[in-house]
Amino acid sequence: LDDTIQTFSMEKRYICKDNSVVWVNLTGSLVRKLSGEPKYFIAVIEDINEKKLAEQKLIISEEKYKDLSKEMEMILDHLPGPVFYKDAQNHFLRVNKFLAEAHNLSKEELRGKSLFELYSEPEAQAYWDDDLEVIKGGKPKLNIVEPWDTKEGRKWVLTSKIPFVNEEGIITGIIGISNDITEQKKMEDEIRVSERKLKTLMEAVPIGISISNPDGIIYDINSEALRLFGYASKEEMLQTPAKNFYYFEEDRRLFVELLEKNGFVKDFEFLSKRVDGTTIWLSINSATQTIGEELMYINSFQDITERKEKEDELRLHSEIMTNISEGVYLIRIADGIIVYTNPAFEEMFGYNPGEMIDQNVAIVNAPTDKT
Numbered sequence: 019l020d021d022t023i024q025t026f027s028m029e030k031r032y033i034c035k036d037n038s039v040v041w042v043n044l045t046g047s048l049v050r051k052l053s054g055e056p057k058y059f060i061a062v063i064e065d066i067n068e069k070k071l072a073e074q075k076l077i078i079s080e081e082k083y084k085d086l087s088k089e090m091e092m093i094l095d096h097l098p099g100p101v102f103y104k105d106a107q108n109h110f111l112r113v114n115k116f117l118a119e120a121h122n123l124s125k126e127e128l129r130g131k132s133l134f135e136l137y138s139e140p141e142a143q144a145y146w147d148d149d150l151e152v153i154k155g156g157k158p159k160l161n162i163v164e165p166w167d168t169k170e171g172r173k174w175v176l177t178s179k180i181p182f183v184n185e186e187g188i189i190t191g192i193i194g195i196s197n198d199i200t201e202q203k204k205m206e207d208e209i210r211v212s213e214r215k216l217k218t219l220m221e222a223v224p225i226g227i228s229i230s231n232p233d234g235i236i237y238d239i240n241s242e243a244l245r246l247f248g249y250a251s252k253e254e255m256l257q258t259p260a261k262n263f264y265y266f267e268e269d270r271r272l273f274v275e276l277l278e279k280n281g282f283v284k285d286f287e288f289l290s291k292r293v294d295g296t297t298i299w300l301s302i303n304s305a306t307q308t309i310g311e312e313l314m315y316i317n318s319f320q321d322i323t324e325r326k327e328k329e330d331e332l333r334l335h336s337e338i339m340t341n342i343s344e345g346v347y348l349i350r351i352a353d354g355i356i357v358y359t360n361p362a363f364e365e366m367f368g369y370n371p372g373e374m375i376d377q378n379v380a381i382v383n384a385p386t387d388k389t
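Numbering (my numbering), first residue to last: 19 to 389.
Treat the hints with care, since some could be wrong.
Here are the computed distance ranges between Cβ atoms for each label pair [as the list claims (entries may be wrong)]:
| hint | residue 1 | residue 2 | range |
| --- | --- | --- | --- |
| 1 | Asn378 | Thr258 | 56 to 66 Å |
| 2 | Lys88 | Ile316 | 53 to 63 Å |
| 3 | Lys291 | Glu253 | 11 to 21 Å |
| 4 | Leu150 | Thr258 | 48 to 58 Å |
| 5 | Gly130 | Leu160 | 20 to 30 Å |
| 6 | Val211 | Gln107 | 37 to 47 Å |
The hints are simulated quantities; they were obtained by calculation from the structure and are not laboratory data. Ideal Cβ placement from N, Cα and C applies to all residues, glycine included.
All chains, full assembly: derive it from the sequences and hints.
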């Protein structure tokens with residue numbers, strides 16, 4: 019009215035007859051008389067209610083996105099491995115805290131850098147070639163085990179990479195997620211070393227070695243075990259149940275019973291079957307051991323066939339000597355001491371069983387007989 023503003027435009031809210039509120043864009047102009055005195059006021063109102071509601075929804079959506087983005091960033095920053103988003107030109111667009119700190123940089127400092135600014139050329143080129151496979155091929159690469167050199171030394175990571183596709187369906191970059199498996203890799207390497215040492219030890223000892231479970235499934239054997247049982251290949255013997263190596267089923271049952279009761283078995287002797295059907299006497303020592311979560315039997319066995327045959331032969335001779343009717347005795351030449359007498363000899367001279375042992379032969383010689 020004071021002639022400083024002729025027209026104006028503003029957004030404001032109006033109240034409808036039903037008390038609902040609507041947004042409008044109000045444009046006003048002041049018309050004056052020739053004398054300059056205000057004559058009347060012209061107002062143009064544009065309904066912008068839908069536009070304002072859409073804007074409000076967008077603001078709310080953006081706030082929610084910001085909150086969600088912050089939450090997602092917090093989650094990514096707490097992951098125990100690198101996470102990154104790169105464009106198709108090999109530049110980092112977004113990284114997590116783990117990856118930034120691994121390069122002694124902040125997340126902001128790492129953004130925009132390429133692999134060639136962080137690694138040696140051979141390493142950077144290897145990583146980039148791998149990324150290009152995903153970008154050009156459009157297919158993810160999952161669970162890649164790869165070395166990762168950091169300020170703290172070499173680490174091992176399990177990496178998955180997937181192409182990032184925009185709304186038009188164009189691949190504009192790559193998303194990578196890695197999990198630090200350095201400790202797992204170290205443990206796996208230690209296990210492999212231990213397994214090699216165990217295998218070397220098993221092959222070095224001159225006795226049969228096997229590892230089996232209570233169900234009789236054999237997991238491992240050494241070369242001596244193959245030789246004892248006559249198998250040509252390790253695979254063939256591993257497919258054979260342990261019970262098949264016992265000539266008498268009762269021996270297998272008793273062996274398992276003792277092992278389950280005591281946790282070990284020492285010098286258990288049994289007649290065994292070889293792959294060609296022949297028999298062999300074995301002495302087995304065994305102990306239970308939990309490997310992982312499974313109970314195992316660690317077994318060692320030796321061929322005692324020759325010893326058992328000699329024992330049988332001695333037993334046979336003893337039976338013969340005991341049952342013949344003629345008297346038989348053995349004396350030690352050095353001092354004439356009696357070391358064996360059979361029942362017929364003892365009875366012949368009126369002695370009790372064993373009474374003549376360790377006596378001089380003179381006890382049975384007449385005074386005039388010096389032999």
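These are the hints, each one checked on the structure:
1. Asn378 <-> Thr258: 56 to 66 Å: holds, 59 Å
2. Lys88 <-> Ile316: 53 to 63 Å: holds, 56 Å
3. Lys291 <-> Glu253: 11 to 21 Å: holds, 19 Å
4. Leu150 <-> Thr258: 48 to 58 Å: Roughly 51 Å apart at Cβ, these two residues keep to the hinted range, so it holds.
5. Gly130 <-> Leu160: 20 to 30 Å: holds, 27 Å
6. Val211 <-> Gln107: 37 to 47 Å: Because 43 Å falls inside the window, the suggested range holds.
When held up to the earlier numbered hints, the structure conflicts with none and fits them all.
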